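Quick one: dock chain against chain with the hints and give me the complex.
Read top to bottom, the protein sequences are chains Z and A. Everything in the first sequence is counted per the numbering used here, starting at 2 for the first residue and increasing by one. Everything in the second sequence is counted per the numbering used here, starting at 519 for the first residue and increasing by one.
No lab work stands behind these hints: they were computed from the structure.
Short, incomplete list of chain A residues facing chain Z, as computed with Cβ under 7 Å:
1. A577
2. R587
3. G588
4. H589
5. G593
6. R595
7. S621
8. E622
9. G634
10. L637
Keep in mind it's a predicted model, so treat the numbers as computed, not measured. Idealized CB from N, CA, C, for every residue including glycine.
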Amino acid sequence: MNFCVLQLSNSFLSVKANRSRPLAQGLLFLLGLLVVAPIVCAQQPGETPGSDKETMQLLLKRISLLEAKVKKVDELEARIKELEAVKSQLAPAEKTAVPAQPTVASENESESAGERAMSERMDVSKTLLRIRGFGDVNLHGDTQKGDTTAFTLGQLNLFVTSDISEKFKFLSEIIFEGGPDNIYGITRGENNTFSVDVERYLVQYSYNDYLNISAGRWHTAIGYYNTAYHHSTWFQTTTGRPFLFDFEDRGGILPIHTVGVSASGSIPSGRLGLHYVAEVGNGRASRSPLNQEPVQNVIDEQNHKAYNLALFARPEAIRGLQVGFSAYRDLLAPANSPKIGETILAAHAVFIRPQFEWLNEALVDRHSVFGTSQVFNTPGFYSQVSKQFGSYRPYFRYQYVNAANTEPIFPDVRLRHGPSVGLRYDASESVALKLQYDYTALRGQAATNGLALQVGFTF
Amino acid sequence: MRRLALLLLILVEAGCVSGAWPRGSVEHDGLPPQKPPSAGENLAIIVNRDNPVDNLSTAELRRIFLGARGHWTSGRRITIVMMEPGQPERTAILRQICQMSESEFSNHFLHGLFTGEVLVSPKTLASPVGVREFVFNVPGAIGYLRVSNVDSSVKIVRIDEHLPNEKGYPFHVPAPAAK
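Only chain A is shown next, with the shape it has when bound in the complex (with noise of 0.2 Å):
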């Protein structure tokens, strides 16, 4: 019974220095807890905490990331940033905001570019980090973070009166399928 106890204890003790046992989360500007960044979860919009814009709905996103809106309300230029071509976060802006594939997005910045319509394109970055230093520095800027990516450096944008962590929030970076 004693051996039992004691391997028990073992065993227990073992689980909390893996991090197999969960021992509490942490939560930063009434944010969900954070996953680890192979997990699936929601994709915030994020902007420069100085840009008074506080909600946009689907559709005024989706003009703005293809270009055809190119400025705030308060006349600055909008600068889209986007991830790198690959990266989860920006496939899955290009399915559910954008409703194009990575060529058809291109083109059609390369098309509006070459009409005039569109006034720049977007600027692109390696990381997460990247992208919220972008954000941070540029006033004009909008991009996106996967929820656990964000800080208080940046400003999210409510998606149709919806904050990333309220049900019905529609942008979601889904988790890598099994191998």
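The shape of chain Z in the complex, shown without the other chains (with noise of 0.2 Å):
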């Protein structure tokens, strides 16, 4: 071996001392080096029989730890198979549930196969039920004579909605409220008791645009407010409804809600973008006592029922805003007295952008007593601005009723006027809280002065 290192290491000095020799003396040069090389390589110094024999002990020993962990990776495919065995019976449906996928989308299946799971956990629309909760908490107080300044539990609201059927949805509005209930004056129920009412309740049936038909019970589309914050106080900008729009159990003049059939939907007219709404229903409650549920669920007191038409257009050419008018008619029946006809007409105009709210409504509330020539009219109004400035939302709102002293249906009400005048800030996404200041002008009883405190939020 030391002589062919050496014949090699002559033949390289000899071509680098005649540069002048022909190139085919370097090649023969380096093929010589090839044929050399695995000589050399295979006559390493220290290779004996006894380091063999250690070799294939190690060698050995290397294939029982392999075969060992072939043995388990068997074992762990078998325990796989079992699961997706488990798999496959527990969710059968699941499988048959996956759309069939495009052949020209399918770059990548895994990818597509954890987009659609994703799609599923997300599609919201797919579970039968959603549930959104909205709810406040207020801090309340004012000068009227009697009432005391009082921590008190808003209304909780369980919003909840189902898709039926790609035509059908469910929608209805559960609250849960405490204190007493006011039915024009009258009260009912203990201070501090919570109750339970159903406030939405609601099949709905979407042919397409131009036509949805409702039953059940809902908000009656009497104005703008009614049918745009129902039992929300987070979705208003204020701490509570106007006046003229508070519910039938907290003093409220007007029929909020109804139970019936309505339709409802666009009406083709363009740019104008007209829409209407038809309603028939129960009515409120006139001939029980007053104290008594003001909204007909279940039993209606007489054959006679409620309609009413609402049109309104949301025009393309200025965006955010609403005109619309609406005319209601109904029939009631106090007891021991003439049977009363009530027409309520109200309009309404208000512009609604993100930033920017301006609200305006105003309406007539008409009561004609059958068989005499008394007629009473209990007009009302509001009219709310407010502007947004970051987080912080500046508003004011003027409102007004006035029903005669001597109004057969709510007598209690009489003219009440006044200012309010408030702050929103926007905590979060969720949450708001708002301070806002009430000044009432009351007919025959002194102003009172207001203050209240609300965080409400939805979750």
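Pasting the structure below:
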């Protein structure tokens, strides 16, 4: 071996010394190098029969280790198959629910599967029931005689919806509220107990954009506020509704809820954006004592039904503008007195954009006593304006209602009017803090000053 | 001179291999050449291939994406497909079609569902592949994709009579700002 190396060295030196020799000589040298190299590598020192034995033992040990690992892998594979079989038995419906995938879009199967799983999870419309919650807690005090400053739990509102099918949908508002009811000035219930009211309960059939039919209990389409804010204070800029639109069990004068059937939709009108709502229902209770439930949920006192027709426009040219008109007709039958025809005419013009709102509504509630010439007109209006500055939204509202002292249905209302001013602060996307001052002038009584602090939230 | 020529040859080859040198453009379905996702490009409004609608006005599209229009003319319910919040395509749609911020958009739909005026909230999907597959599978679906992410499995709708590769097309994802 030493000889070979020496020979190579000599050849190399000889090549180096005679640069003028032809290129063929160099190639010959390279060829020689290639032939000799394997021989050099094969004759390494220190290779004895004893070391071969050790190597063999090491290799055998390594093989046994690998065999153990292979056995383990086999066991794991068997376990995976077992689990997959169990999974397929448990969820056969899930597999069939996965829609056929387009061949053109199957670039990455694993990614597609992930996407599908994620879309199913995020597809809230596919769930049978969706629940959204709203609530508020208040601190309120005013100068009215007999009132005390108190912390008050507001309505806890569970808004429940479900897509029954592509055309049918269910919607409801389940309200937990504390305190006594106030129906036309008459109170019922205890001060600090909670009760449950199903305020909206609707099954909707949506044929197309021009025809949607609903059955159940809903908020009557009188004006704008009643159908825009329902029972959530979080949606409202202010701490509460204008008293013109107060709920029936909170001293309100309007039939806020109706039980019956309604049709609604858009009217083909191009850029004018016309819509209609037509409703027929039980109307408000009038025969039973006033401290009874004012909404006729189950039994109507009479065969006569209440009707309401509303038309409104959302012109494309002025984004955020809605103007509308509604006419409501019912026949009231108070006990021990003649029947009363009720007509409510309402008009509204609202301009709402995310940063600015201006709400204006006016209505007249007309009661005509049958068999007499007595007619009682109760006019009312409110105007509310607010503007958003970052998380702050200062607002102002002026409201007015004027009912005659001899008004047969709501004798307690009389004249009340005054401004409200407040500030809404959106602490987060789901929590709003509101501070509101109210001044209310009353006919024949001292004016009241009220201050309210509210935290409204959605969850 | 020979060395210079050799150097030039090496440089040219290196450029081609690394992709820095353009090697022709790929077109499909009459769409403009693909651009890398990071670059600004037009946003295509896509519907299911079986949907007969070919053209929508910007105003109609706004009504659709805000849930004010809930049905196609065929009577089928419209299903809006949105990408996840924070995706540049979604931000562009909110700004250019809905003219709303992310929180205004979510409030709008929450309020719409609450009043009953909006029939269904938008579906949210994470990637262009997901959007494309959803629109392919759901006959009433409408969504949006960068033009380079569109393929023949879905149908591009003209907006105000314009296709995404035509001049005057209104919707565009801006290129990300240089760092």
